[in-house]
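K.L.:
Chain by chain, the residues run as shown.
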Amino acid sequence: MATGFLTDTTVCIGCKACEVACKQWNQLPADGYNLTGASYDNTGHLSGTTWRHVAFIENPKKQRRLSGDVDLIALAEDVTETLPGNAELDGLGRWNFMSDVCKHCVEAPCQQACPTGAIIRNEFDNVYIQPDVCNGCGYCVPACPYGVITQVPNDGRAFKCTLCYDRQRDGLEPACAKACPTNSIMFGDVEDLKVIAAERVATLHAKGYDNAFVYGTPEVGGTGGIGGNHSKFILMDDPETYNLPRHPFMPQVKVKGAFVASSIAAAALTAVVALAFRD
Amino acid sequence: MSDISSEALAAGRGEQNGKVQTSHHPKTDPKQDEKKGYYGIPPIKRAHWTWQIPVYFWLGGITAGVALFTAVSKLVGKEDPAVTRLGRYFAVVSMILSPVLLIWDLGRPERFLNMMRIWKLRSPMSNQSWSLVAYGNVSGILMLKQAAEDGLLGRGGIARLVARLVPHRVLQVLALPLALFIGSNTGTLLSATSVPIWARNWMLMGPTFLASGVSTGLSFISLVLNLLRTGRKDTHHTLQRAEKVMLLVESGLIAASLARMSRWGKPLVTGKIGALFVGGTLIGGIAAPLALLSGKETRNKSMLTSVLVLLGGLAFRFAVVLAGRKSADDPQAYFSFTRGENAPQPGDKI
Ligand code: SF4
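Protein chains in written order, with full-length UniProt numbering: chain A, 1 to 279; chain B, 1 to 350.
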């Protein structure tokens with residue numbers, strides 16, 4: 001059975017419980033009190049010591065046109081009909097929160113890059129770094145199409161989300177999913193999650209949110225030879241808004257082609273040098 | 001009260017164009033007009049590589065060039081003992097220095113042997129480790145023969161046995177593809193990443209690094225022979241001839257690479273990296289040596305040419321690695337790269 005995450009960003013409230021739960025369970029060190037200064041998000045991105053990261057996106061979709069009295073209760077109750085006084089639902093702008101995590105790619109570029117075999121697929125079909133094998137070559141870091149896997153400077157090795165391998169072995173769900181108060185983070189069999197995702201997107205479409213879609217499929221998010229992701233997301237905006245690539249690719253797809261091209265070049269250069277020996 | 005205009009009052013109440021602005025946002029959020037992304041934070045992580053890696057790339061290229069010239073001279077029957085000797089000793093020096101540089105770069109250097117746990121054909125890093133092991137061993141045996149011939153192993157029976165038993169012809173030929181692989185794989189290693197400037201140019205990275213490597217290797221031989229005042233006259237002449245053509249091939253491949261990188265190649269030609277690349281590699285490492293090579297051959301000129309080519313090759317590797325850093329740090333480069341079909345795709349014809 002393959003397990004994975006489904007992160008439904010439409011119900012995320014940005015409480016960061018997942019970030020904290022992840023840090024606590026996995027005993028990850030603090031990253032320091034750094035203020036980004038440009039946003040409400042002071043974590044910034046995933047790293048070797050931050051395996052869940054909540055993105056805070058201020059999303060003023062349209063120009064602010066707020067006229068007349070706004071019925072804030074109607075707004076809060078998710079009323080999609082026209083509001084009194086011609087106020088628009090989107091008038092206040094929308095907060096998008098998204099709890100980012102390792103995508104646990106079906107064909108993982110980090111695993112392909114790893115020369116020591118430290119990165120494996122475990123019995124839950126999750127991408128897992130064996131910390132006792134990793135020698136910190138760092139080649140997985142630029143290989144990851146989502147900027148997830150990162151070396152920890154003082155440690156030297158690469159780290160990322162383990163999908164709580166230890167908890168799963170004990171029959172528990174990952175710490176982030178456990179802590180999430182809105183069930184934005186769902187954990188389970190990827191096949192079940194696929195169905196839940198499809199249903200949720202259909203519901204959102206029926207409510208008029210046409211822009212909802214699943215990220216992490218072979219069509220979007222898990223493209224270019226990656227074959228989809230085991231941790232998927234329900235998004236409401238362009239992937240780039242969440243700092244995610246739309247059509248990422250498996251960087252190793254061209255290694256064979258590059259070898260062929262290099263071999264041809266090697267033969268040609270050998271001929272060039274041989275010709276230089278003519279009298 | 002009278003000196004405050006009604007406009008300022010309206011603004012103070014949060015009114016604009018006669019409408020109340022109840023949100024704390026300005027009327028039009030400037031963020032909206034900016035290009036897509038998340039507060040400009042890079043969506044991918046760059047490689048951590050410091051100076052050891054470009055220097056290794058340089059060394060690997062020289063190794064390929066030296067091996068190529070040595071092997072070909074043997075194959076065409078114009079072997080110069082001075083070149084063969086240099087080639088055999090240098091290969092071992094390089095195969096000691098290269099792993100040192102690479103292990104130095106590891107986060108956990110004491111675990112370097114874990115590279116030998118598996119062999120993964122799809123990982124250029126794994127192929128690199130194994131090719132270094134293979135080439136290191138072959139060069140070690142060849143050096144033993146050379147040492148025996150040079151009398152470094154004494155005059156005893158062992159030296160004679162080594163000199164006779166080492167199948168140097170077979171090994172020299174075997175060593176050539178390994179060395180050429182090491183030279184080109186330095187480029188392939190970069191291309192098999194998510195970094196736009198490198199990944200975009202996947203097909204030409206290996207060939208370009210190899211051509212540049214061979215030109216530095218030829219220069220290295222020429223420089224050492226000149227410094228030691230050894231080598232036959234025709235060897236020097238052949239080296240210069242080969243160098244000339246190699247520099248032309250290299251510049252052709254660099255031009256094609258820049259064309260292929262297109263907009264994602266910008267970091268290589270702008271700013272400080274651009275200065276290093278254009279000044280150090282294109283002008284200093286290719287154009288100037290070509291000009292120097294076109295005149296009469298003198299020892300001093302030849303040595304200057306060699307030094308320029310070697311430095312140009314080093315500048316090239318530093319420029320490409322640094323440009324990759326910039327490329328990875330640029331969200332727009334990555335997003336434009338992964339939006340359409342610009343990135344390499346499994347189904348691509350080329
Ligand atoms: S998202 Fe990155 S770190 Fe996670 S499995 Fe995919 S390549 Fe590896």
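Keep in mind that the hints were calculated from the coordinates and are not lab data.
Heads up, some of the hints might be wrong.
[To be verified] With a cut-off of at most 16 angstroms between alpha-carbon atoms, the simulated EDC-like pairs for lysine to aspartate or glutamate come out as follows:
id, chain 1, residue 1, chain 2, residue 2
1, B, K36, A, D279
2, B, K244, B, D329
3, B, K36, A, D192
4, A, K178, A, E19
5, A, K16, A, D31
6, A, K178, A, D166
7, A, K23, A, E58
8, B, K78, A, D279
9, A, K194, A, E219
10, B, K36, A, E58
11, B, K233, A, E58
12, A, K256, B, E297
[To be verified] Simulated coverage check for chain A against chain B, where a stretch passes if three residues somewhere in it have a Cβ under 8 angstroms from a Cβ of chain B:
id, segment
13, 21-35
14, 40-48
15, 192-198
[Stated by the list, open to error] Non-contacting residues of chain B with respect to chain A, defined by C-beta distances greater than 10 angstroms in every case (computed):
id, residue
16, P109
17, L204
18, T298
Small disclaimer: the values here were computed from a predicted structure and weren't measured.
Built from N, CA and C at the ideal position, the CB exists for glycine as well.
K.L.:
Confirm or reject: L204 (chain B) is not an interface residue toward chain A, with every Cβ-Cβ distance exceeding 10 angstroms.
P.N.:
violated (7 angstroms)
K.L.:
Would you check whether the claim that P109 (chain B) is not at the interface survives, using Cβ distances to chain A and the 10 angstroms cut-off?
P.N.:
Violated: least Cβ distance 8 angstroms, not greater than 10 angstroms.
K.L.:
Holds or violated: K78 (chain B) with D279 (chain A), Cα cutoff 16 angstroms?
P.N.:
Measuring from Cα to Cα gives roughly 11 angstroms; hence the hint holds.
K.L.:
For the pair we were handed, K36 (chain B) and D192 (chain A), check the Cα-Cα distance against 16 angstroms.
P.N.:
Answer violated: K36 (chain B) to D192 (chain A) is near 33 angstroms, above 16 angstroms.
K.L.:
Straight-line Cα separation of K244 (chain B) and D329 (chain B) no greater than 16 angstroms?
P.N.:
Between K244 (chain B) and D329 (chain B) the Cα gap is close to 37 angstroms, so the pair fails against 16 angstroms, i.e. violated.
K.L.:
Would the hint linking K233 (chain B) and E58 (chain A) be met if the CA-CA limit is 16 angstroms?
P.N.:
Violated: K233 (chain B) and E58 (chain A) sit about 73 angstroms apart, past 16 angstroms.
K.L.:
Need the status of pair K178 (chain A), D166 (chain A): alpha-carbon distance at most 16 angstroms?
P.N.:
The hint holds at about 14 angstroms.
K.L.:
Checking one constraint from the list: CA of K178 (chain A) to CA of E19 (chain A), max 16 angstroms. Satisfied?
P.N.:
Satisfied, since the Cα-Cα distance of roughly 12 angstroms is no more than 16 angstroms.
K.L.:
Checking one constraint from the list: CA of K36 (chain B) to CA of E58 (chain A), max 16 angstroms. Satisfied?
P.N.:
With Cα atoms ~13 angstroms apart, K36 (chain B) and E58 (chain A) stay inside 16 angstroms; holds.
K.L.:
Can you confirm whether chain B covers the segment 21-35 of chain A, using C-beta to C-beta distances below 8 angstroms and requiring at least three such residues?
P.N.:
violated (count 0)
K.L.:
Can you take a look at whether the segment 192-198 of chain A is actually covered by chain B? Rule is 3+ residues, C-beta closer than 8 angstroms.
P.N.:
Coverage by chain B is violated for the segment 192-198 of chain A (0 residues, Cβ < 8 angstroms).
K.L.:
Need the status of pair K16 (chain A), D31 (chain A): alpha-carbon distance at most 16 angstroms?
P.N.:
holds (15 angstroms)
The structure is inconsistent with the numbered hints 1, 2, 3, 7, 11, 12, 13, 15, 16, 17, although it conforms to all the rest.
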